[in-house]
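> Below are the chains, spelled out letter by letter.
Protein chains: 2
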Amino acid sequence: MSKLDEFALIQFLNHKKQSEELQQKLGVIKGIGDDAAVVQHSPGSQLVMTCDTMVETIHFNPYTMLDEDVGYKALASNLSDIAAMGAVPKHALISLSIPKHYSSSRLKKIYKGLYECANEFEVAIIGGDTSKSPKHLNISVTLTGEVETNQALLRSNAKVNDLLFVTGFLGCSAAGLHYLLEKQERHLTSAKLSLDIQPLVQAHRRPIPQMKAGRLLLESKRCHSLNDISDGLASEAHEISEASKVGILINEDMIPIHPTLRAYCDLVGKSPLDWILYGGEDYHLLGTVSRSNVEYLQSRFQRQGIPFFILGEVIDQKGVHIKDQYGNIKKIQKEGYNHFN
Amino acid sequence: MSKLDEFALIQFLNHKKQSEELQQKLGVIKGIGDDAAVVQHSPGSQLVMTCDTMVETIHFNPYTMLDEDVGYKALASNLSDIAAMGAVPKHALISLSIPKHYSSSRLKKIYKGLYECANEFEVAIIGGDTSKSPKHLNISVTLTGEVETNQALLRSNAKVNDLLFVTGFLGCSAAGLHYLLEKQERHLTSAKLSLDIQPLVQAHRRPIPQMKAGRLLLESKRCHSLNDISDGLASEAHEISEASKVGILINEDMIPIHPTLRAYCDLVGKSPLDWILYGGEDYHLLGTVSRSNVEYLQSRFQRQGIPFFILGEVIDQKGVHIKDQYGNIKKIQKEGYNHFN
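Those sequence lines, one after another, are chains A and B. Each residue of the first sequence is one higher than the last, beginning at 3 in my numbering. Each residue of the second sequence is one higher than the last, beginning at 3 in my numbering.
If you're looking for bench data, these hints aren't it; they were derived computationally from the structure. Hints are supplied without guarantee of correctness; some may be wrong.
Any copy will do: because identical chains look the same in the list, a pair fits if it lies in one copy or spans two.
Subject to a maximum C-alpha distance of 20 Å in a straight line, what follows is the list of computed PhoX-like cross-link-like pairs (lysine-lysine) [claimed, not checked]:
1. 332 - 27
2. 333 - 18
3. 19 - 223
4. 102 - 332
5. 102 - 194
6. 223 - 32
7. 102 - 137
Since the model is a prediction, treat every value here as computed from it, not as a measurement.
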């Protein structure tokens, strides 16, 4: 299923299946349709909940990921969704479906990575489920977070004339994946990688969820909309555009390109823009802010040492558009990230 | 992995991976090791969280379950864990890994069953994740609940001399599964089943989570320990025994046997006791209560029309024991439910 199908499918499966009364009675503030759900909690705060699954052969294989990285990334991708709501992470449940051929030492490595991530970002792992799997490992993580009442940063609040920003370089994860798939070496450790490729491989294997950036944006009270980039800039910009009923214009000249990404693209004859737009799993935050608040946010981010790049703007013409270096504007499709196929 | 392995594995993977300070800081009241986890919530209540996964070929196949039942049971098994804490269910996230060959109409049926269960028990479905799967469907549900502060019913509080009770007939689900596996007919609807087999097939396909019983037990403040029976009486009695550091003596003569189960066992030459002890997925509640409170609970259950059977007692001799009709006592092993293998 492509990501495009995914959105249609979720709509198809869930539309009008539950009364609004029931959802209201149960304190649902934001249900299906954002990075995470938000529900009523205690008087001053709301509970944020998200889940994300990694499936062997679909999201990883022995050529692309070390076992430790599988555990780390399974939680990191969920943390990214919590960051994209501006929330503070709290508790995780882990559901693991394990094929017979997985040794306990491989599972131990997966959990080593998982706990590395949990301890780094102060997440308590409080439970889960293990079951057999006929053939492939399936790891599903559910993560909660807490956010100040009605302050969660949604996709749906972008305003025409806002500027579009991102909190880091894009396309590196997809380039790292490309390298690993070309290399075709099982269980390739970092020690065996040349220094110049490491940033790309690390971006794919150990993405850094933008927890600080998410909280900074929420606390500033100046961020209009926010999304995490799990499926490439094009897809995520489309999500903001659709949820907010606005258009987005990306300025190609303003997209920052990581020097390692550029060097690798030159080497293998690929376009960085393709990976930036249609790669995925960069897990940076993409958001919008009114022009008058850009300077304030830029200086706050600078003080924290977090990148804050302006990429474009919010316009009233629906869809996502890109302006190239010659000033030509074209519409771009919501083509998501499809891993290996 | 057998259930026996599962407990050892969970211990192996999670033991001492996180500091108690971090878990305390994050308000963890009960982490790994009960039907569900409990964390601090608002001043008067705590949040209960659980997850449970169903994997095609491991937990179901086209001979045993209709698509609608897969969705229904995926949520019902989680509800059972919430019931076993005495909590009120609240919000669910659904993670679905979908093989290419699944049609959208099959997925629609799964979600039909899922929402039937959600609406029946007033659970709000608030989000989830969909991804591809190489071959088999994997559905993982995370469910939250709410419980009065420090009132959650744990496994670990059984006292010597307590009586052991169960809230319904056991072994029916395993017998229903046996029937369906013998029958070997794909997508066998209820309409095609003879009336006398339906209670067993229904017990397997649409188990009824004991939400009312769980709340009644909590509100009575007279239940010492509680567990749900997902893996057979033997395994669950062992869990209470181990968590509470007590022994359990089951009186074979006191185990109620559903008339349909008895008739089916006579027909196919099986022992009801085997399925009661080592079958699984009955999703009734197994608990302990002091002798002086049994009568009170019995009358409360009777008024609500919920079965309340006394099965045995809590003893100080470790392990789980069974006394047969001749008065002979033997130890029984913690052999769990292994579905198809």
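> A separate judgement is required for each hint: does it hold in the structure or not?
For each hint, the structure was consulted:
When the C-alpha separation of residue 332 and residue 27 is checked against a cutoff of 20 Å, the pair qualifies neither within a copy, at 45 Å, nor between copies, at 51 Å. In this assembly of identical chains, residue 333 and residue 18 lie within 20 Å of each other by CA distance neither inside one copy nor across copies; the values are 32 Å within and 52 Å between. When the C-alpha separation of residue 19 and residue 223 is checked against a cutoff of 20 Å, the pair qualifies neither within a copy, at 34 Å, nor between copies, at 36 Å. Taking the shortest Cα distances, residue 102 and residue 332 never come within 20 Å of each other, neither inside one copy (50 Å) nor across copies (33 Å).
Taking CA atoms no more than 20 Å apart as the test, residue 102 paired with residue 194 passes in neither setting, with 29 Å inside one copy and 36 Å between copies. Proximity of residue 223 to residue 32 under the C-alpha cut-off of 20 Å is restricted to the intra-copy arrangement: shortest distance 19 Å within a copy versus 35 Å between copies. For a Cα distance limit of 20 Å, the shortest separation of residue 102 from residue 137 qualifies both inside one copy, at 7 Å, and across copies, at 16 Å.
Against the hints set out earlier in the document, violations occur for numbers 1, 2, 3, 4 and 5.
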